[in-house]
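Below are the chains, spelled out letter by letter.
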Amino acid sequence: MTEHVSQADVRAIAEYARIGLTAEEVVSMTADLNAIIDSLAPITEYDLEGVPPTFHPIGDLSNVMREDKVRGSFTQEVALSNAPKQEDGSFLIPSILGEGGDR
Amino acid sequence: MKSLEEVLETWEAVIGLEIHSELTTLNTKMFCGCKLEFGAAPNTHTCPVCLGLPGALPVPNKAAIESIVLAGLATNCDIEKHSMFYRKNYMYPDMAKNFQTTQGPIAFCMRGHLDLDVDGPAAKERYRLDSLEPGESSGNIVRTEDGYRAHVGITRIHMEEDAGKMVHIGGGEGRIAGAKESLVDYNRAGTPLIELVTEPDLRTPEEARLFMQKLRQIYLAIGISDCSMEEGSLRCDGNVSLRRRGSAQFGTKTELKNMNSFKNLHDGLAYEICRQAQVLEEGGVIYQETRHWDPSAKRTIVMRVKETADDYRLFPEPDLAPYDLSDEFIERVRAKLPELPDQKAARYSASFGLSAYDARHLVDHRATADFFDECMALVAAEKDGSKFAKPLANLIINDVTSYLNAHPEVALTDTPLTASRAVGLVRLQSDGAISSKQSKQVFAAIMEEDKDPDIIVEEKGMKQVSDAGAIEAVVDEVLAANPEKVAQFRDGKTGLMGFFVGQCMKAMRGQGNPKVINDLLSQKLS
Ligand SMILES: [Zn+2]
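Respectively, the protein sequence lines represent chains A and B. One rule links them: number in our numbering = place in the first sequence (from 1) + 13. One rule links them: number in our numbering = place in the second sequence (from 1) + 140.
Same shape as in the complex, but just chain A (with noise of 0.2 Å):
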C-alpha cells in the first residue's frame, strides 16, 4: 500500500472538520484512508485525457432556478429550538476568536 495520506495530512483534516481523534484512531483513520484511495488506483488505467471532469451525478440538469417569491420561515421559537442557549432571540455562543471569512 502507497502512502497517499500521512497521520499529518489526517490531523488537519480532522482538524478542519473539527472531529476529534484519539492517536490511534489517527494511526487506523490513515490506513483507512490510504486503503480507499488505493481503490480508486483502476480509473487511472484509462486514457481520461480530454474528458471533462464530472462535477455533479445529475445527467444534463442545469439552470436550475426559482421565482423570486417569499416561501414561510421558521418561528423565532422554532429556529432556536435546538440552540443549546440563545438570548433575545439571537442564538448565544462562546465568544470564537477570528474574523469568519472575508466578505
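Do not take every clue at face value.
Unchecked claim - Mimicking DSBU-like on lysine-lysine, the simulated pairs with C-alpha atoms at most 30 Å apart in a straight line are:
hint, chain 1, residue 1, chain 2, residue 2
1, B, K221, A, K82
2, B, K305, A, K82
3, A, K82, B, K476
4, B, K305, A, K98
5, B, K655, B, K633
6, B, K320, A, K98
Think of the hints as simulated: they come from the structure by calculation, not from any bench.
Starting from the known structure of chain A, fit chain B with the ligand onto it as the hints suggest.
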C-alpha cells in the same frame, strides 16, 4: 508622516478594490424563499436551507442571477454562459452550514471596465498630470480639458451569499477582543451578494472613491441594490501596495477594511499609502496583512494576524446544478438595461449643448439627474426651452448640491425646491427680472420659506428694474447731481464709472438692471 502629494512624487500606489453589494431589492434570499428584510426581529427569516440543517437543498433565485447579469452588462463585462457555484469552506458561526456558496474560477461576469472622469483639485493626485496635453494618453489615462479619464479594468463579478450577523458581548463596543459570548442572528445569512473585483488599475485614493461612486450610481440606476454604505448593503475593501516610480514590479500589498463611506475609502487609502511609504523609506518591510481603518483615530490598525493561511478548500457545490445561460436569457436581461449615467451625460451634451463637465456632474447623483430631467420636461414644449439647460445645470451643480451637502439628511425630493420652482427661478433671471446675485437670494428664500420664486420676488420687492425709461430718469438725476465728476470723467478719469453705477443702484435700492444702467451711462457720458 509625509503628505500624500509628497509620497506620490517618489512612489506609485497600486490599488485594487473588492466591492460587495447585497441585492436588497429582491424579495427573497439567494438559495431559499426566506424574506429579505433589513432590521427584522432576529432569526425570524430563517429556514432549513439558510440555517444549514442536514439534508436541506438550496435552489438559486432566478431574479438574483438576472441581477448579476444586469450588473455585468452595465459594467461592460463579458457574460459567461457556463459557470457554477462552489463551496468555500470555513468554520465560523456567522454561516451555520460551515461554508459560503460562491463561484469558482469562472464567474457570471468577467473582464469588464469603467471609465472614470477625474477633475477638480483631486485630479492633481495623479502624478505629473500637467506634463500631458489634452488628448494625450499615458498608461491607462487620457488627459482631458479639466482633468483626465482613467480606464479601470474589472476582473470579475461573482455571485455569492452574505453571512449572518454577530454581536459580541462582554467586550468593548461589540468588538471581538475581550468578548465572552456572541449573539448570532441568521436573518442576513443567505442574502444574495455580488462581489466585484477590480484590476489593480487605480493609482490614487480619489480614483478609488470615484470608482466606488460611479459603481454605486450604476447599481442604483439598474435597481439591483439600495447601495447603503451605512447599513452595509454596499461594502468596500481595498488592496494597496507601493512601488518606486518607474518600477514595474508590484510591492507587498495590505488589505484595508472598514471603509464604509466615500470619505473613509479615500482617507483610509491615503493614510495607508503614506504609512507604507514611511515604513519603506525607513528601511522597513510591508507585511501582507489585513488592516482596519479607524476614522476617529485617523489611522489603520492591523487586525488579528492568523497563524495559518486560510485554506477554504474551494470545490464545486454538489447540491447545485451548473449554469448554461441561453442567449435568450441574456438578451431578456439586456432589454431591462435603463439609460446609464454615462449615456445620460452624453444625451445632456448632445440635446442641450451642456459641457462635458456640467453633464457629468449632473449625473453624479441620480437625484440631481432625475431633477434636471424633470425640469427640462417642463420646458420641453417651449420653442427655445433648451436655453434653460445651462442655467438649470448651474443651479443644480452649484446651489442645490451645496445645499444638499450642507443637509446630508435631506433628500432633494423632500426639499421645498420643486422642478417648477427651479424653472421659475431661472426664468426670472433669464427674463432679466432679477440679477444673478438676487437669484441666489431667491434660491435661499425658496429653501427657507417654501414659497414660489415669483412670490418671494414680489414680497421682498426684489424685482429688478430693466425698463430703460425708468432707469434713464435715474441716470439723468445722478449725472445732474454730480457735474464735477461728470467733467472729470470726460477729462479721462474713466474709473469714475463705478461711482456713477453705484449711485444709480443706490437710488434704485439695488433693483436696477446693472447692464441697462451701464449701457445708458456709457451712452450719456460719451
Ligand atoms: Zn431560508
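Pair hint outcome, B:K320 versus A:K98 [Cα-Cα no greater than 30 Å]: holds, 14 Å
Are B:K305 and A:K82 close enough, with their CA atoms no more than 30 Å apart? holds, 24 Å
Is B:K221 close enough to A:K82, meaning Cα to Cα at most 30 Å? With Cα atoms ~25 Å apart, B:K221 and A:K82 stay inside 30 Å; holds.
Pairwise hint evaluation, B:K633 against B:K655, where the allowed Cα distance is 30 Å at most: holds, 21 Å
Within a Cα-Cα threshold of 30 Å, do A:K82 and B:K476 meet the stated pairing? Holds, because 20 Å separates the two Cα atoms, which is no more than 30 Å.
So if I understand the rule, the pair passes when the alpha-carbon distance is 30 Å or less; does B:K305 with A:K98 pass? holds, 17 Å
The structure agrees with every numbered hint stated previously.
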